[in-house]
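Asker: Below are the chains, spelled out letter by letter.
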Amino acid sequence: MVASAAFEAVVAATRFGYAARGDELSAIAADPQGWVTRQIDQPARPAFPADLPPSQRMVAALLQMRRDKQQADRKAFNDQVRNVYFAELTARTNAAVSSPTPVIERLVHFWSNHFTVSGFRPFVRGFAFAFEREAIRPHVTGRFVDMLLAAERHPAMLLYLDNALSIGPDSIVGQRRDKGINENFGREMLELHTLGVDGGYTQADVIALARILTGWSVARLNDAEPGTFKFYPQIHEPGPKQLLGRIYAEAGEQEGIAALRDLANHPATAHHIAFKLAQHFIADAPPRAVVDQIAKVFRDTGGNLAAVSKAVVALEAAWSKPFGKVRRPDDMVTAACRAANFTPPAPFLAGSLRTLNQLPFYAPSPAGWPDDAASWVSPEAVLHRAEWCETFANRLPEPPDPIVLASATLGEALPDDTLQAIRRAPSRRNGVALLLAAPEFQRR
Amino acid sequence: MACCTSSRRQFLGLVAGGAGIFTLASLPGAVFAAVPGDRRFVVVLLRGALDGMAAVAPVGDPLYQEKRGAIALKPPGGSGGTIALDHFYALHPALGAIEPYYRSGELLFVHAAGNGYHTRSHFDAQDLMETGLTIKQGESDGWLNRAIVLLQGSDKARLGLAVGGAVPLILRGKAQMASWEPQGVGAIDDDLIAALSRIYARDPLLGPALAEGIKAQAFSSSVLGDDTMVKGGKGFGPKAFAALAEAAGKLVAAPRGPRIAALDMGGWDTHVNQGAETGRLAQNMEGFAAGLDALAKAMGPAWRQTVVVAVTEFGRTVAVNGNSGTDHGTASVVFVMGGAVKGGRVAGDWPGLAQLQDNRDLRMTTDARAVMKAVLRDHFGLARNLLDTKVFPDTAALKPFGGLLRA
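Residue numbers (my numbering), protein chains in the order written: chain A, 11 to 454; chain B, 204 to 610.
These aren't lab readings, by the way, just hints derived from the structure by calculation.
Just to be clear, a hint being listed does not mean it is correct.
Claimed, not checked - Okay, the calculated bits of chain B under chain A, using three or more residues with CB under 8 Å as the criterion: (1) 278-291; (2) 392-399; (3) 403-413; (4) 416-423; (5) 487-500; (6) 528-537.
As the list claims (entries may be wrong) - Cut-off 25 Å, straight-line C-alpha distance, at most; resulting in silico cross-link-like pairs (SDA-like, lysine to any residue): (7) A:K335 x B:K277; (8) B:K339 x A:A373; (9) B:K277 x B:P303.
We put the beta carbon where it would ideally sit given N, CA and C, even for glycine.
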């Protein structure tokens, strides 16, 4: 169904951003698609608090804690990790609530989910957000290959997927200590980060990539810059390796870089990324043609993510009504915060997202959070969303006029019965809760 | 709106009479369908690939110590060591909480069990384990949902329950599921729910879900008490599972409650520092065993009519990897527990460790779907042809596992 410019403004603000507020909708309506693409062309940089620790500091603190093994240190370390998590969650939410380029924030969250690191492995918790800031954010409108390299070489990923400890059996250390490779990193990189599970690789390719990547690890406390990427030649598996039909001659650290470059350029990677973007922004089961069009731009531009993102925006399917996607819990919470222009305290945010089963950087597996309604819509989950909307509305310092808020946020997409229900609400807070819990706000 | 303290059940009564969204049949107590003999079935999905040879160790295999190396468990005898199950197998000490069920004949293990597919991708394998297929076929529903469709017949009342959050793939499909999770963010105002119910009515996905959510919460509140906040169940570690399992037991045992439930437990992907008698895997197993025990105890007399099956997507490599862990493998072990189970033994053919799948994994000798078929046939009376064509399509050659349940 072809939508009016006023409706397209709501689509632009919610499908590609979080939620409109104030008189944004009338400004967006002048050029809804341009509103999105301009953000991709000119991303704003959020002003993060200067005291958020870089990953290097937190990884070094982790290494120190593990070496000392003192009970008191462990407690101090865990307290530090919790404080950092809360500070980071606040900063990340603030960025999404106040950014002039919310589309970029959506892309940052999309890509850090693609390259999931998860606090299910507890040591990751202190630097998961830093991983996003350092390895993901700088590249969301850059080149895929650069993001791939930054993400896979980041200590958070090397530790999360066990590569920091993977040892080539014929390496200097491996021969001496009877240690071996760990396949996890190679497998998840092929399956989840690049080619996709149907990308045509074999178990032999998994092992070859794992061998190629031996030596990619994290600098220890005795090294020059503890907590940063470091290549250890003494655990690198020597000799040529064959991956996806190509022979990689022995080249130490460079072997892995060459392999990742080839994986980034592989047509299966273009298709896999295109599918995930289409599923995230357009539909749970995106039409094949839609995926093919995005994949073509990925291939034609060598994985230029600004061009690829704009290809998603340019699709007719991206502007369809009604809203086909159900917001994931983190998206819903962030959109509510943006609509109300309010970031609640971190413990409330964390508690909310945990209850709604999407605490940031706690995805249950390296596959990240699923992106389809079936994974999120269960009877009690929907009820819990509604409960959250009421609790959130009750926490607003100054509840806005819900009719004004509804019109600013949903504009043309606000149905009469929802508006009537909001009008009849017994209080401002109750009206805001109704708006946020309404199906139109729960979808995008 | 701090004023409103009326209970959800009162609200349901009001709405049933007022807005006409709910009928009397949706009131607590009439929410779920009946099954023959009032039997119960709980499936536990162990996500991440449980090392079956650590859970139920083939300590009698002459190659076991050598092939497993540093993570091999010692034969039974020492204190804090493995528990003898028979002359060949030993139970991991961290699973000690379920030993009594083995001794009383209510726990059976099926060793070297797989799921009939060959993939070492967690995510593909879990999808296949839950769809009951051996190759991916695009969109599919869960095999347990398909079984429920057949069991509920023309009565469309719900039979199944997802415990712990989202409905897992195994329960997705045509049949409506109830779901239960430990804790919401706070109670919701009844007027708000009534207003929302009206505007949700036009949303084909969210509308029915909200309606079901209201019913399900009313039901679970009535079973678990108003203090339904099983706080531990919201965590991430092994302890959270015990809280979920206990709630599952109570809900499934309740008169006119759901009769079939599924829940998850993760944390099995032990690529690094798996440990042996103690360590990371042992801690997870301890939580798992505590959960099974809590589930059994929560069920009371209904335990006699219950079968619990715990499966994982695949096993782990026989040899230890470079990080004192194990990588993705093939066959693992299936747990079958319950008052209806003819247990006290380790079933399944042991393939030995001399010849391995792809020179690395334990070979599969039992397809876990044969175990599921046996439960559905012998516990619920589903006909073999339906099992072979509808629940697990194209599996006529796969016979239900014999002698699983008490006559």
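Asker: Hints the structure violates: just list their numbers, smallest first.
Answerer: The structure conflicts with hints 1, 5, 7, although it agrees with all the remaining ones.
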